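2 protein chains.
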Amino acid sequence: MSSVLAVDLGGTKICSALVNLKGEVIKQDTCLTMPDSGFELVVDRILTSLKSVIPEGEQPAGIGIAVPAYIDQCTDRIVFSPNLQWHDVDLKKKLEDHLGIPVWLDNDANLAALGEHRYGAGKGCNDLLYITVSTGVGGGLILGGKVYRGAFRGAGEFGHMIIDRNGPLCSCKNRGCLEALASGTAIKRDAQKLVNFGQGSRMFSLAGSVEKVDAGIVGQAALGGDPEAQAILSRAGRNLGIAIASVMNLLNPEMFIIGGGVAYGVGHLILNPARDEAYKNTYPPYRKFLKIVPAGLSSDSGILGAAALAWDHLAV
Amino acid sequence: MSSVLAVDLGGTKICSALVNLKGEVIKQDTCLTMPDSGFELVVDRILTSLKSVIPEGEQPAGIGIAVPAYIDQCTDRIVFSPNLQWHDVDLKKKLEDHLGIPVWLDNDANLAALGEHRYGAGKGCNDLLYITVSTGVGGGLILGGKVYRGAFRGAGEFGHMIIDRNGPLCSCKNRGCLEALASGTAIKRDAQKLVNFGQGSRMFSLAGSVEKVDAGIVGQAALGGDPEAQAILSRAGRNLGIAIASVMNLLNPEMFIIGGGVAYGVGHLILNPARDEAYKNTYPPYRKFLKIVPAGLSSDSGILGAAALAWDHLAV
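Chains as they are written, first to last, in this note's numbering: chain Y, 1 to 316; chain F, 1 to 316.
Incorrect hints may have been included.
In the EDC-like style, the derived pairs of lysine to aspartate or glutamate whose C-alpha atoms are separated by at most 20 Å in a straight line are [as the list claims (entries may be wrong)]: (1) F/K27 with F/E40; (2) F/K94 with F/E24; (3) Y/K288 with F/D76; (4) F/K288 with Y/D72; (5) F/K13 with F/D29; (6) F/K291 with Y/D72; (7) F/K146 with Y/D88; (8) Y/K173 with F/D276; (9) F/K51 with F/D97; (10) Y/K288 with F/D276; (11) Y/K146 with F/E56; (12) F/K92 with F/D76; (13) F/K173 with Y/D276; (14) F/K288 with Y/D76; (15) F/K288 with Y/D88; (16) F/K22 with F/D276; (17) Y/K212 with Y/E228; (18) Y/K123 with Y/E24; (19) Y/K291 with F/D72; (20) Y/K288 with F/D88; (21) Y/K92 with Y/D312.
Just so you know, these hints were derived from the structure itself, not from any lab.
Everything numeric in this text was worked out from a predicted model, so none of it was measured.
Just chain Y, same shape as in the assembly:
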C-alpha cells in the first residue's frame, strides 16, 4: 500500500491526486466542477479525474474527499452544499459503487486543518484552528491532535462567529458574523461601495468597471501600494483578529493558521492587522501565547488533508 487517492472538491474546480504516506503528491489532475450540470455529471467528472491519476496496474487502497458541505454525522450523506447546490446526496456510496474501494469524506475546512496539522504549518501542534479566508470565511479545528467535529459534526464554523451584533447582514441572514466582515465577499462589497462613492480610482481603473472590482482587484491594488485598497484589507484583517481573540480566550489553541485564496494572495496585508488586533483583544494573560501563521501548504491543505483522512482510516 504505497499511495491513496485524494480529492479536493470545490465549487469551481475538482483536484484529484495520488498521494504517498509522506504527503507527497505523486500525480495530480485538475478539472472544472461545473455544479450547474447536476450531481450525476459532477460525479462523472470526479471519476474521470480520479482515473487519470491512478497508475496503471495499481489499485489505491482508498479515497479521501474534501467537500464544501455539511455532512450527516450518522449516514455520511451530504446534507447540503451551497457551493455545489447539493441537498441530501450520497457521494460516498456513488463513488464506492463505481470504484470498488472505500471512500471517506469530510468537510473541506476540517480536512484543510488536518492537512496543515499533518504535513504543513501545524506539524507537531495538537491544538489549532485553521482559518480559510476566500469567498467566505471557514474554519477547521484540531483539538488534542484530532479533527474536532463537535456533537453534530458541524464544528469549525469560524466565519459565523458574531463579532459585531449590530454589524452588516451575513449570507446566513444573521448580523455581524465574521464572514460579513472579513471574507472575499465583504472585501468586494466594501471596495465597490468606495468606488460607487467616487473614490477607489486605482481599483476602478484596474477593474475597468464597478462590477469587476472584487477581492482579487483589491489585493492587486493593495500590493501595488494603493492606500485605499490597503485600508480595506486592513479592516478585514482587524475583524479577523477580533474573532481570533475570542477563540484564543475560549479555546487557548497553540496556533492559528490562515489559509484560503484571499489571505494567500495578499499575505501580510491581512495577516499583520489580524495579528495586531488579535493581540490587543486577547485576554491579557494569554497574549504571550498567541501565534498566527500563514498556511504551509497554500492551496494543497485540503487535498493533503483528504489524503491524511484516507491514511488514518487505513491505519486503524
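Following the hints, complete the assembly by docking chain F onto the known chain Y.
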C-alpha cells in the same frame, strides 16, 4: 476508599465537603475566605474547614480543589487569582505538606463543568459548555467527555469572547467582551445608570440608595414584576445568547449549561431571552441542535467537580 475531600474556594466563601463516588455530600462546612488577610491565613482557614469534615479515624484518599485562578500548566502553581489577590503561589504543595494526602486543583469554572458533566445537567453528554453568570462571566468546556483546557490551560474564558467590538469596556480592558454585557457587574452598571437618569424607581426603593442597586436588587425587582428590571435582565440574556450562538457555530456542543449566582437567582428571566437570541443567531442548519439548560447542581457544581477531579486521579 469510600470518600474524597473537595473544596470550592471562592473570593467570599470556602466550602469544604466529604463526597462519595456517587457525588453525594456526606459532610459539609462553609466559612469565610477573607482574602485580605493574605495567603497563609486563607490556607489556615482551608485546613480548619477541611479538618471539620474529615471523619474521625478515616484518612480520605485525596483532595480536589476548585480555585478561581489561572493555573500554570506545568507546575500546578496558581499564576494569579484576582478574587483571592494571589500571584504565583503553590497551594497544592502547601496543603500536601500539611495534610499528607495528594491534592489536585483546577480552575473553578472547569470543575463546575466537570461537576455538571458527572453528576448534574450534563450527565451522559460528551460535549458541553458550562457557563457561569455571577459577578463576572466564566466558562468551562467538556469536549469528548473530558475537561478541555487548551494548549495553555486557559481554555473556557467564555466571558471574554467579544460580541460587540464597539461595546463597553471590560474589566480586562478590551471592548465588548460578553462579561461587560451580561455579568452581574454589567447588570448593576445598567441599573445604576437607569436610576441616575431618574428612572428605575422600583429598584431604587428596594435598594434605598443608588450605590446599593446591584444584580441582586435587579433580580428581586424583576421577579416582582418590574418591567425596567426585567428589561435589564433580558438585555443581559440576549447578549449571552449572541455568545452562545458563536460557540454553537464554532464547536457544535450538545448542550449549554447556565449556572452562577445571578443566573440561578433569576432563572427564566435571563434564560429565555438567551435562548431566543441564541436561536436567532445560530447558523441556521445548527439551530435544531441548540440546547440551553440551567445547571442541575445549583451552587454545588464546583465542589462536586472538585470531588470528581479527585476521583478521576485516584482511578488512574
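Quick rundown of the hints versus the structure:
Between F/K27 and F/E40 the CA atoms are separated by roughly 25 Å; this puts the pair beyond 20 Å, and the hint is violated. Note on F/K94 and F/E24: the hinted pairing is violated, with a Cα-Cα distance of about 27 Å set against a maximum of 20 Å. Pair hint Y/K288 plus F/D76 holds up; C-alpha atoms about 19 Å apart against a cutoff of 20 Å. Between F/K288 and Y/D72 the alpha-carbon distance is near 14 Å, which keeps this suggested pair within the 20 Å criterion.
A threshold of 20 Å between alpha carbons decides the hint, and for F/K13 with F/D29 the separation of about 10 Å falls inside it, so the pair holds. For the suggested pair F/K291 and Y/D72, the alpha carbons sit about 19 Å apart, so the restraint of at most 20 Å is met. A threshold of 20 Å between alpha carbons decides the hint, and for F/K146 with Y/D88 the separation of about 33 Å lies outside it, so the pair is violated. With a C-alpha separation of about 16 Å, the suggested pair Y/K173 and F/D276 falls inside the 20 Å cut-off, and the hint holds.
At roughly 14 Å between alpha-carbon atoms, F/K51 and F/D97 fall within 20 Å of each other, so this suggested pair holds. For the suggested pair Y/K288 and F/D276, the alpha carbons sit about 37 Å apart, so the restraint of at most 20 Å is broken. In summary, the hint linking Y/K146 to F/E56 is not supported, as the alpha carbons are separated by about 47 Å, beyond the 20 Å threshold. A hinted pair counts as satisfied when its Cα atoms are at most 20 Å apart, and F/K92 with F/D76 qualifies at roughly 7 Å.
Distance check on the hinted pair: F/K173 and Y/D276 sit about 16 Å apart at the alpha-carbon level, within 20 Å; holds. As the CA atoms of F/K288 and Y/D76 are separated by approximately 19 Å, the hinted pair is consistent with the 20 Å bound. With a CA separation close to 17 Å, the supplied pair F/K288 and Y/D88 stays within the 20 Å bound. A hinted pair counts as satisfied when its Cα atoms are at most 20 Å apart, and F/K22 with F/D276 does not qualify at roughly 35 Å.
Proximity of Y/K212 to Y/E228 is assessed by CA-CA distance (about 17 Å); at most 20 Å being required, the pair is judged to hold. At most 20 Å may separate the alpha-carbon atoms for a hinted pair to count; Y/K123 and Y/E24 meet this at roughly 15 Å. A distance of roughly 19 Å separates the Cα atoms of Y/K291 and F/D72; the hinted pair therefore holds under the 20 Å criterion. Taken as a hint, the Y/K288 and F/D88 pair is honoured in the structure, with Cα atoms around 17 Å apart against an allowance of 20 Å.
Of the pairs offered as hints, the one joining Y/K92 and Y/D312 holds, with about 17 Å between alpha carbons and a cut-off of 20 Å not exceeded.
The structure is inconsistent with the numbered hints 1, 2, 7, 10, 11, 16, although it conforms to all the rest.
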